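Colleague: Sequence:
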Amino acid sequence: MKVFIELWKAKDAWKNLSMAERQDYVAQIGPVMEDLISRGAVIEAWGMNEDETDYKSEYDFYAITKLPNDEMLKEFQSIVESAGWYDYFEQVNLSGSIMSPNEVIAKMLEL
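Going by this note's numbering, 8 is the number at position 8 of the sequence shown; the sequence numbering is gapless.
Quick caveat, the hints were computed from the structure, so don't treat them as lab data.
Be aware that a few hints might be false.
Said to hold, decoys possible - Pairs of lysine-lysine, BS3-like flavour, derived with a Cα cap of 30 angstroms:
no., residue 1, residue 2
1, Lys9, Lys74
2, Lys74, Lys15
3, Lys56, Lys66
From a predicted model like this one, the values you see are computed outputs, not experimental measurements.
Start from the sequences and build out the full structure, keeping to the hints where you can.
Modeller: Next up, the structure:
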């Protein structure tokens with residue numbers, strides 16, 4: 001199982017779209033996500049970065065998605081790219097295999 005974590009904030013290109021243009025754009029998200037879910041993807045969370053967060057990131061929104069394998073992770077990233085998402089949003093991503101806290105700590109100790 002792979003985890004894909006997205007952090008994003010709107011660019012001026014998004015802010016300059018009309019409400020109708022924004023609605024048309026986001027209307028494509030639902031069917032794509034439904035297809036991925038039907039093939040094993042799991043949406044763990046979507047949310048907003050709250051102002052009260054200590055050491056707050058500069059990004060406003062986040063999504064955490066579990067994907068069953070590397071192939072679907074690559075497909076998901078390709079879908080995001082081809083949809084023009086990065087034209088409208090500044091984003092950083094994290095991805096990797098799910099590990100236990102002890103496994104991560106062991107990797108940290110190896111540094």
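Colleague: With reference to the structure, classify each hint as holding or not holding.
Modeller: Quick rundown of the hints versus the structure:
A C-alpha spacing of about 22 angstroms is found between Lys9 and Lys74, which places the hinted pair at or below 30 angstroms, so the restraint holds. Note on Lys74 and Lys15: the hinted pairing holds, with a Cα-Cα distance of about 28 angstroms set against a maximum of 30 angstroms. Pair hint Lys56 plus Lys66 holds up; C-alpha atoms about 24 angstroms apart against a cutoff of 30 angstroms.
The structure shown violates none of the earlier numbered hints.
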